[in-house]
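Novice: First to last, the protein sequences are chains A and B.
In this text, residue positions in the first sequence follow full-length UniProt numbering: the first is 1, and each later residue adds one.
In this text, residue positions in the second sequence follow full-length UniProt numbering: the first is 1, and each later residue adds one.
Fair warning: there could be bad hints in the mix.
As the list claims (entries may be wrong) - Okay, derived cross-link-like pairs now, BS3-like style, lysine-lysine, Cα gap no bigger than 27 angstroms in a straight line:
#1 A:LYS162 / B:LYS329
#2 B:LYS298 / A:LYS162
#3 B:LYS124 / B:LYS298
#4 B:LYS152 / B:LYS191
Said to hold, decoys possible - Which chain A residues stay away from chain B? Per the calculated CB distances, all over 10 angstroms, these:
#5 ALA99
#6 LEU211
#7 LYS290
Hints listed in this document are in silico derivations from the structure and should not be mistaken for laboratory results.
Ideal placement from N, C-alpha and C gives every residue a C-beta, glycine not left out.
Letter by letter, the chains look like this.
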Amino acid sequence: MSAVMKHRLFWPLVVLLALILLNTVSRPSFVRITVHDGRLYGSLIDILRNSAPLMLVALGMTLVIATRGIDLSVGAIMAVSGAVALTIIQDSGDPANPAVLAVAIGTAVGAGLVCGLWNGFLISVLGIQPIIATLVLMLAGRGIALLITGGFITTINSDPYKFMAQGYVLGLPFAFYVSLVAIAIVALIERRTALGMLTEAVGINPEASRLAGVRARGIIWGAYAASGLLAGFAGILYSSNIMAADANAAGLYIELDAILAVVLGGTSLAGGTFSIAGTVVGAFTIQTLKSTITFLGVPPAVTPVFMAAVVVVVVLVQSRRFRRFMGRLPARLRTWTSRTPDGAEAAS
Amino acid sequence: MRKRLLAGLALAGALALATTGCSSSNNNAGSSGTGGSGGGKTLTVGFAQTGSESGWRAANTQSMKDAFSDANGFKLIFNAADNKQEAQIAAVRSFINQKVDAIVIAPITVDGWDDVLKEAKDAKIPVILEDRTINVSDDSLYAAWVGDDFKKEGETAGAWAKQTATSPTNMVVLEGTTGSAPALDRATGFKAGATGAPITTLDSQTGNFTRADGKTVMEGFLQKYGNKIQMLFAQNDDMGLGALDAITAAGLTPGKDIKIVTIDATHDGLQALADGKFNYVVECNPLLGPQVADLVKKVVAGESVPKTQVATDQSFTQEQAKAALPDRKY
């Protein structure tokens, strides 16, 4: 039992299950899954589907944070990628043509990659602080996206494009398979090769790893490129979900959710050791928390406070020092009350 | 070689940033000195827009640019402030320095306008407000205001709901950004318009005026209440459009199983209405340009004008939407 409790995924999973339990107690229909024209339908399925963009962004963020960095530009990159894809599809005049879609998605994801490479260049080559370097694109990116869409919300009708976020394969949402593939690829590259270890080495001590012969520049650059690429793909999923390129709202504040997902998953913002499985759990936790707000009927005005309170509790539960303090609390209270005469009186 | 290429890339990127940052001020510098003609034929007008945050705003900007065209006898100096008030105040100051004939402002925030408007008054430049309102100590600081009445829009939507709900009806609401004027006023208006109707509001959550949030929140509502929902009031088109997919995914037919009323009447919204997916749409008219241009002419000519002018907001049924769609500009 204690071995299980010591596993670093134990507390993140407890939090996720507790949230699901809370929803189920308030409304048992939360865990009900029915079948609608051959596809599964229910809140949990919605969570799997809606968490896909956040999942992709959070995976990229995990790699960046592991190198002691941060990527604030992911939301803006999503906006750029969605704007590029939909503008190409709209201008083509043949929105259902697979070749057009391939070009559009390829160019959009490529744009995300270019943004990521730009971030990586500023940070790894020019040595600019990650928070400043990515802030540039965070602010400029939405401007670029607005420029591409001409300030309007670009809408398209294209069934194959719609399939990306709204389609189903074998009863499960296609977007969920996209998450799975992304998780598998990142996990394979990072954990089945030395790259993960080298990334952690760079994050723990860049100078020492450089002296040990690790090419830190390439690894850091690669992490930002991967983050940009994944954000580009997340932008495709986001725009496919609503079939519109909304340059102002696409991926707004997703960088904060992604950072939170990474932290909830047990990866330290100080860099170094990272956990992909933890990030996956973290992303699901945040998406579940968002459904919780609708399910419990939290009034919109207090939603931010509710979110903040839950996050504080979650972070405290995961803190070893806090748990130890709480474990000792009853004993401390007892000694404290027996020592003070007032307390003794009250007790008797 | 590789390094030189990289340096070139960086330079190009920096240049791109720099040029986008300056484009608006270049605009101003280019046209300075041409103003101040006062009694001349062309009126130089400075327009301080909020930014370009939505499709509504883009249509508004376009309408202003069209109305203040050279052909109509205007010279427009346009500035978009990227939703930063200090940038907008700076833009207004630069208009005053350029001695324009009139200033039009779409104020970003309600407060903080006293000083700069006093400067405009001292320079004898009339100020006309568009879209949003402001709080100032002295009403004479601006000549007139033209805009939409959000409360009235809510009332129109509410009146339709009352008319439609002949039997007890369960409704859910997708609210706009919490605390924003359109969200508050549309909610109050709807309540007033629908008083006495047998409508039960099951739930009301914010969808932040965006499609994505409208969709997610509607999915939640559908999971929560299932087939009980009979009516949806979305405080703008975008949230309603997002909700459509959620409703279809739940195996229900929007427009039939769930009656939908929205506000804005954008092109996409009217398309959904014409397709029978929405049931009623109230307009929030962004085409304020002609009214503002008319006001500017009158104010500069010294005629007295009404202090507030509410833009005419239409409303559309499915049939009217089909007729109106071909000419819809935004």
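Novice: Hints first: check each against the structure and report whether it holds.
Specialist: Hints, verified against the model:
1. A:LYS162 / B:LYS329: Roughly 26 angstroms between the alpha carbons, so the hint for LYS162 (chain A) and LYS329 (chain B) holds.
2. B:LYS298 / A:LYS162: Cα-Cα ~51 angstroms, so violated.
3. B:LYS124 / B:LYS298: 15 angstroms, holds
4. B:LYS152 / B:LYS191: 11 angstroms, holds
5. ALA99: 26 angstroms, holds
6. LEU211: Per Cβ check, LEU211 (chain A) is outside 10 angstroms of chain B; nearest 23 angstroms; holds.
7. LYS290: Not fine: 7 angstroms to the nearest Cβ puts LYS290 (chain A) too close to chain B.
The earlier numbered hints that this structure contradicts are 2 and 7.
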